[in-house]
Structure formats: structure tokens, C-alpha cells
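Line by line, the protein sequences are chains A and B. What the first sequence shows, in this note's numbering, is residues 1 to 116, in sequence order. What the second sequence shows, in this note's numbering, is residues 1 to 302, in sequence order.
Simulated from the structure, these hints should not be mistaken for lab results. This structure is a prediction, so every number in the text was calculated from the model and none was measured. Please note that a few of the clues may not be correct.
Said to hold, decoys possible - Rough simulated footprint, nothing fancy, chain A against chain B, three-plus residues with beta-carbon under 8 Å: (1) 103 to 114; (2) 122 to 134; (3) 140 to 152; (4) 171 to 181; (5) 224 to 237; (6) 241 to 251; (7) 284 to 297.
Stated by the list, open to error - Label pairs and their calculated CB-CB ranges: (8) A:Leu43 - B:Gly108: 33 to 39 Å; (9) B:Leu167 - A:Ser95: 40 to 46 Å; (10) A:Arg93 - B:Pro168: 43 to 49 Å; (11) A:Gly8 - B:Ala302: 57 to 63 Å.
No residue lacks a Cβ here, since even glycine has one placed at the ideal position from N, Cα and C.
Each chain is listed here by its residues.
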Amino acid sequence: MNALVESGLWPYLLVIVAAYLPTDVWRWLAVIFARRLDEDSELMIFVRAVATALVAGVIARLVLFPTGDLVTIPLAIRIGAVAGGFVVYFLARRSMLIGVLAGEAIMVAGAYFTAG
Amino acid sequence: MPRHEVYPWAGQRPDPRAGHDEKRALNRAANATLPRRANSREAWYEVAVPESPAHSPHASSKGAPSPHARQWYTRGLYAGFTSVQGFVLFASYIGFGGLCAGIGFPLGAAVFSSFLVLALPSQLLLVGGFAAGSGALVIALAVFLSAARLLPTVVTLLPYLRGRGRLPVQLFAAHFVAVSIWVESRRHLPPLAPAARLPFYFGLVTVFNLGCVAATLIGYLLAGELPRALAIGLTFLTPISFLLALTRNARDRVDYLSLVFGLALAPLFATYGGRLDLLWTGLAGGAAAWLFHRARNRARAA
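Given these sequences and hints, build the entire structure.
Given below as C-alpha cells:
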């Protein structure tokens, strides 16, 4: 197992086992159970809530505990870029494009001035 | 453009009312005889790829594949190339490629995941879990929980993808369903003749799938070429755009609550949650949001 984890094939196996299969299984289930499904059931609301919290959790993790290049950016700048993008998004009357550009501008400027 | 058509993959699900009406109608129509939906705008791709009137695919909907399946496939390709939805999707995948480069996920595996998985939230959980050093089982469970959202999208699209009812074809077609494909298919497929839908759909998904693969590759390679500050900006594109997309797609209290709980619980569980922190974040955050929502509904009903 360890040899496998250390080999170059591991990420590819991860793609298949940890991403492809658990995603596609829902597509297959949908084909099989298509006619017996209520999209507005409490179960589906719960599923949606868990899915949203999961993705939100990954975002927070990528920003707060980054790996790779983002580590070199001070925490304050990372949080500032997210918060700035968020605030500008609302100020710009919920424009995603402007919000993303604002967050990116803060991040790129921060990266530029903290040249490592 | 409706909000949900721009960044459709995050926190997104089909409009339940539209889905219900359509599903009911479709179940009654038993898929082969779906009525052509009145469409005030002339379908522009019919102009782009004209059909020969002698063999109109509208004429025959059953039996052997239409001799014009290839033509409809080409039209699907064309619709994919000119889709705004597609360009937004490709931009997100450029960001995903940049993220993979930034956190050291191998190029081949990044591209492979775009080819095979076709769901950006699943891929984000994959590389996020990889970066956090989570085990395969933990990542698989997280992806499994989050991908449940695909179920209703496939269900509402399926009546248009039944083809001649063969299960393997349906399963293959369903493999490509993601939220952006869902949006585009719901726009393009209903007005088409039943025999034209499947080839058109396969044309569309060919462009979307290969486009995402190319975008991942471009984003990854770009990250290596750009100056450091811009490469970091590229890495940051996925988190910031996902966050704003989740915010924008939130339609009711449950969505907002699960977003806030997910963000707030992540650092807590990352510090104290051990190896399953991602799962705890999703389950605890989602369950808390759902319970809160139910309690409020009960209180209002009482």
C-alpha cells in the first residue's frame, strides 16, 4: 500500500476511486431510479446542505491551510482577499465577475509586494 | 441571464417547479412522442448547419438511428462551441488547472480527472483532500456526499436522453451530465425531434468534456509560465469564484446556513477533527443547517 501511495500512479488511482466512481454512482442511480424521486423531499434538502457545507469547508481549508505557493502569502492577505472579494461582490450588486476580480486584485497585489 | 446559468456547478440544483411540470408531462408522453416545444426564437444552429429537407429528422423518430444523426451531432458540437455557459465553464477549469499546479497535483492526473469526473466540485474535493493529505476513503466519501446533487439533474434530463431505451446508452449519456450540461441541454433539447436529441447531446458534451480537458491543461501549464504573483492569483481563482458562486446560488436559509457553517467549522475540524475533518465539516455543517431550517419551519407552522 505504501509503495503504491509513493508511486506516481497514486493520483490517477485517486481520480478513479475517490472522484470518478463516487460521482458517477449518482448518475447511474438516477438512470435506474429516475421515476421514484422527489427533488423537494427533506432528504434532498439535507443532501444539498451537506454538499454545500463540504464545498465551503474545502474552500476555507484551501485559504486557511494552503499548500504550495499560496503558503508564501501571509494569512492576513489571504483572508483579506476573500473578504475583499466578498464585500465588493455585494457592493457591486452581486456581480460575480467584479467580486472575483476584486479578490484576485488583492491577492495578486499581495503576492507581488510580498515577493518571495 | 438567470443567476444560476453563470456558475452553475456550486450549490446548484434544477429549478424544482420547472422540473416537476416537465417530469410529469414527460412521464405521460412516454418519451418517444415528446411534443416539440414552441420556440419563438428560430433555432440558430439550424441556420448554421442546415439540414437537407428530403430527410428531415423530424419525420422519423423511431427505428434505426436517423441517417442524420451525424448532422445533429455536428450541430451539437457547434452549439457547444458557441455556448456562453461553456466559456464560463472552461474559465473555471483554467482556474482548476492552476490550482492543481499550485498545490502539486500531477498534471496528468489533473487532466485525467477533468476527462473522467466532469464535476468541478468533486474534482475540487479530490485535489483539496489530496493537498490536505486525506486518505482515499475519506475523499471518496466526501465526493460521494457532495455528488448526490447530480441525481436530480440526471433525472430531469433523462426523458430527453432515452434514445431507443437501451440501458447502456442511457448510462453512457448520464455519465456526462453535470450542471452546466444540464442548463444547456434543457435549453436546446426540448425543441428538437426525439431522434435528434441524443446525437445533438453527444455533440454538446464532446465539446464540453474536451474543452474542460484542454482548459485544465492550459491552466496548469500557464501557472508554470506566469510570473509568481499571477500564478498565485490563478491558484486563488477557484476558491474565490467557488465561494462567490455558492453565495450567489444560495436561494434559501438552508443554503446560506450550510455555507456559513461549512466555512466556520472547517478550521475547527482541520485543527481538532483528525483525518476525517472534511467529512465532519460537511456532515456537521450540513446537518446543523438542516436542523436549524426545520426548527424554524416547525416554529412557524406552530
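State the violated hints by number, sorted upward, taking the hints as numbered earlier in the document.
none
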